[in-house]
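Engineer: The primary structure of each chain is shown beneath.
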Amino acid sequence: QQPVQSPQAVILREGEDAVINCSSSKALYSVHWYRQKHGEAPVFLMILLKGGEQKGHDKISASFNEKKQQSSLYLTASQLSYSGTYFCGTELGSHYGQNFVFGPGTRLSVLP
Amino acid sequence: NAGVTQTPKFQVLKTGQSMTLQCAQDMNHNSMYWYRQDPGMGLRLIYYSASEGTTDKGEVPNGYNVSRLNKREFSLRLESAAPSQTSVYFCASSAYHEQYFGPGTRLTVT
Chain E
407 QQPVQSPQAV ILREGEDAVI NCSSSKALYS VHWYRQKHGE APVFLMILLK
457 GGEQKGHDKI SASFNEKKQQ SSLYLTASQL SYSGTYFCGT ELGSHYGQNF
507 VFGPGTRLSV LP
Chain Y
5 NAGVTQTPKF QVLKTGQSMT LQCAQDMNHN SMYWYRQDPG MGLRLIYYSA
55 SEGTTDKGEV PNGYNVSRLN KREFSLRLES AAPSQTSVYF CASSAYHEQY
105 FGPGTRLTVT
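Chains as they are written, first to last, in the numbering used here: chain E, 407 to 518; chain Y, 5 to 114.
By construction, these hints were calculated from the structure, which means they are not laboratory data.
No experiment lies behind these values; they were computed from the predicted model shown.
A portion of the hints provided could be inaccurate.
Said to hold, decoys possible - Result set (DMTMM-like, lysine to aspartate or glutamate): computed pairs, CA atoms no more than 20 Å apart in a straight line:
hint: 1; chain 1: Y; residue 1: K13; chain 2: E; residue 2: E446
hint: 2; chain 1: E; residue 1: K432; chain 2: Y; residue 2: E63
hint: 3; chain 1: E; residue 1: K443; chain 2: Y; residue 2: E102
hint: 4; chain 1: E; residue 1: K456; chain 2: Y; residue 2: E102
hint: 5; chain 1: E; residue 1: K465; chain 2: E; residue 2: E420
hint: 6; chain 1: Y; residue 1: K61; chain 2: Y; residue 2: D42
hint: 7; chain 1: E; residue 1: K443; chain 2: Y; residue 2: D42
hint: 8; chain 1: E; residue 1: K443; chain 2: E; residue 2: E420
hint: 9; chain 1: Y; residue 1: K18; chain 2: Y; residue 2: D42
Modelling step: build the complete structure from the supplied sequences, incorporating the hints.
Structural biologist: Structure representation (structure tokens):
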């Protein structure tokens with residue numbers, strides 16, 4: 407029941423926008439987004455709980471469509487520092503950990 | 005405040021050897037996790053501990069054992085290492101949803 411992420415990889419120029427999608431075949435309680443730079447540990451970006459609320463900080467935001475069990479991560483006016491692999495993580499219930507699964511990741515490269 | 009620490013950073017084992025990966029957190033978090041990360045596979049949950057004294061299997065527990073020694077420490081043991089266990093191992097902790105990850109242990113089994 408690993409979530410599906412698309413695209414697998416994307417290359418941008420600085421200042422361009424990108425959208426990364428995450429979808430599941432199961433009814434989701436929440437979707438998490440993490441970013442991992444090469445050779446480093448993943449870092450938490452945000453969580454979206456059931457309810458469809460859109461969240462964001464700075465120029466990175468995300469939405470959660472409960473009906474479609476899909477989440478999208480929006481990166482606007484991308485910066486070089488946005489490069490890395492983005493993972494979504496999904497959980498099926500409020501008992502955290504038991505059903506938490508990461509997606510395979512989307513590799514984002516931002517070029518000058 | 006060190007966050008989540010892991011030892012060792014690198015390890016090479018021969019097939020059949022055993023070892024324990026150590027993890028400690030100083031954020032007073034109840035939940036702790038062990039993941040492995042293989043190229044192209046993302047992070048897969050091996051075991052997690054929702055609180056001191058409890059542990060549960062994740063997605064890929066075979067070949068591993070864990071111990072939640074106290075609230076701070078959560079160790080992962082490989083009793084008889086196999087080449088398929090070559091991977092990067094991450095420990096993480098959380099108070100609720102947001103997980104904080106350690107720097108990882110790169111393990112090679114030959």
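Engineer: Given the hint that K18 (chain Y) pairs with D42 (chain Y), does the C-alpha gap stay at or below 20 Å?
Structural biologist: Satisfied, since the Cα-Cα distance of roughly 19 Å is no more than 20 Å.
Engineer: Regarding the pair K61 (chain Y) and D42 (chain Y), is the alpha-carbon distance no greater than 20 Å?
Structural biologist: This hinted pair holds, its Cα atoms lying about 19 Å apart.
Engineer: Is it true that the CA of K456 (chain E) sits at most 20 Å from the CA of E102 (chain Y)?
Structural biologist: With Cα atoms ~16 Å apart, K456 (chain E) and E102 (chain Y) stay inside 20 Å; holds.
Engineer: For the pair supplied as a hint, K443 (chain E) and E102 (chain Y), is the alpha-carbon distance within the 20 Å limit?
Structural biologist: Holds, at roughly 18 Å.
Engineer: Below or equal to 20 Å on CA atoms is what counts here, so check K443 (chain E) against E420 (chain E).
Structural biologist: 17 Å, holds
Engineer: Would you check the hint for K13 (chain Y) and E446 (chain E), treating anything up to 20 Å between C-alpha atoms as holding?
Structural biologist: 12 Å, holds
Engineer: Against the 20 Å threshold, does the CA-CA distance of K465 (chain E) and E420 (chain E) hold or violate the hint?
Structural biologist: 13 Å, holds
Engineer: For the pair supplied as a hint, K432 (chain E) and E63 (chain Y), is the alpha-carbon distance within the 20 Å limit?
Structural biologist: The given pair, whose Cα atoms are some 16 Å apart, holds under the 20 Å limit.
Engineer: Tell me if the straight-line CA distance from K443 (chain E) to D42 (chain Y) falls inside 20 Å.
Structural biologist: 15 Å, holds
Every hint from the earlier list agrees with this structure, and none is contradicted.
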